[in-house]
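Number of protein chains: 2
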Amino acid sequence: MLTLYYAPRTCSLATHIALEDARADYTTVRIDFAKTEQQSPDYLKINPKARVPALVTERGVLTETPAMLAYVAQRFPAAGLAPLDDPFAFAEVQVFNSYLCSTVHVAHAHRMRGHRWVAADDKAAIAAMQKKVPQSVGAGFELIEREMLKGPWVMGERYTICDPYLFTLAQWLEADGVDPARIPRVIDHRRRVGERAAVRKVIADEFSTHR
Amino acid sequence: MLTLYYAPRTCSLATHIALEDARADYTTVRIDFAKTEQQSPDYLKINPKARVPALVTERGVLTETPAMLAYVAQRFPAAGLAPLDDPFAFAEVQVFNSYLCSTVHVAHAHRMRGHRWVAADDKAAIAAMQKKVPQSVGAGFELIEREMLKGPWVMGERYTICDPYLFTLAQWLEADGVDPARIPRVIDHRRRVGERAAVRKVIADEFSTHR
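Those protein sequence lines, which keep their order, are chains A and B. Residues are numbered in this note's numbering as their position in the first sequence, beginning at 1, plus a constant of 612. Residues are numbered in this note's numbering as their position in the second sequence, beginning at 1, plus a constant of 612.
None of these hints come from the bench; they were simulated from the model. Do not take every clue at face value.
Identical copies carry no separate label here, and so any pair may be met within one copy or between two of them.
[Stated by the list, open to error] Pairs of lysine to aspartate or glutamate residues, derived as DMTMM-like cross-links and limited to a Cα-Cα distance of at most 25 Å, are as follows:
{"#": "1", "residue 1": "K743", "residue 2": "D644"}
{"#": "2", "residue 1": "K743", "residue 2": "E649"}
{"#": "3", "residue 1": "K743", "residue 2": "D733"}
{"#": "4", "residue 1": "K762", "residue 2": "D791"}
{"#": "5", "residue 1": "K735", "residue 2": "E632"}
{"#": "6", "residue 1": "K813", "residue 2": "D654"}
{"#": "7", "residue 1": "K743", "residue 2": "D698"}
Nothing here was measured: the structure is a model prediction, and the numbers come from that model.
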């Protein structure tokens, strides 16, 4: 049994979808950012980084979305979520997911998490970071549009762990000030991923109010 | 044959060391940042991200250090650079390398690449970012010291692709204003990796002046 610690509207959605895609036996625990539960002593024992997601396994806790997605693909090989027998093709999956994690998500984080990189009370610097987000996030998505998204899925004919991750980060692009008209292939991809039954189930679960 | 595009004093050192550790058949091409060769039309054909490293293989180009390191480990399994037959242990390797890439390296980059996240002419915001680097990079290394570096190598008894990557980022910590006395295990690890013959060979190659 796997347990995913997640919060709505965060990158934990990608791993949540992958677990559903894999038909894994898993459960979820919602972390309430409004109550800063991610900084509670109990949660810090699970993930000392004080962030979501975290995936509790029988052998220990995993964090970092690219690592968790690759783990889901490797643990549930029958789901076919990554080209596990081809080191180059597997590396291409990792290249894509690492770019999302270290460039696109990081650029996005400068809109609401600027205190990570400047003093929290430096309002001018926080505002300067927010101002650049449409350009920096936009540049990331434009590179994906032009060079990386093979189509119809990220890696071509086969749906992989890259798809729920791109879908997850693409949820935020309008709020980040990126003009969707500049990235029609990304937008079309987002629509098609969002129509998948597993994705609809996960989103309904994350946004249900009675738990 | 593999070709690594690299620049001295960048994270490309990690993959360069891994290729040497793996006894791979590879060659290197130095990219001169002083001449902004990383933005030249010829290099953009290799890596449209305009960054190093890039690894040219028979099947295409790979980027992103965590992906390249895993590829080297998988392509040269005899070198034993990652626990390839154990999805959980392999995921732990990926967790560590993803953290270096998306948190520690990103924090470091705010010292000299602040223009990625604010307007390049906003000197106050650039300075505000630089001021936070000792704290943000320091927090990353302290988490590694306390929670992640198992010892003697990052993953325990076995040297893996995590070790050259940590060694590479640890080259920069004094310049980033991090007090080495706060992270003695990281410093001891850096010393021991630096004594390895493969690492000495790679560093001598990267810093030779006659090529």
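Hints, one by one, checked against the model:
With identical chains, the CA atoms of K743 and D644 are never at most 25 Å apart, being 28 Å at best within one copy and 31 Å at best between copies. In this assembly of identical chains, K743 and E649 lie within 25 Å of each other by CA distance neither inside one copy nor across copies; the values are 29 Å within and 29 Å between. Proximity of K743 to D733 under the C-alpha cut-off of 25 Å is found in both arrangements, the shortest distances being 17 Å within a copy and 13 Å between copies. In the homo-oligomer, the alpha carbons of K762 and D791 lie at most 25 Å apart inside one protomer (21 Å), although the nearest pairing across protomers, at 45 Å, exceeds that limit.
For the homomeric pair K735 and E632, neither the shortest alpha-carbon distance inside one copy (41 Å) nor that between copies (47 Å) is at most 25 Å. Neither within a single protomer nor between protomers do K813 and D654 lie at most 25 Å apart by alpha-carbon distance, with minima of 28 Å and 46 Å respectively. Taking the shortest alpha-carbon separations for K743 and D698, neither the intra-copy value of 42 Å nor the inter-copy value of 44 Å comes in at or below 25 Å.
This entry does not satisfy hints 1, 2, 5, 6, 7, going by the numbered hints stated previously.
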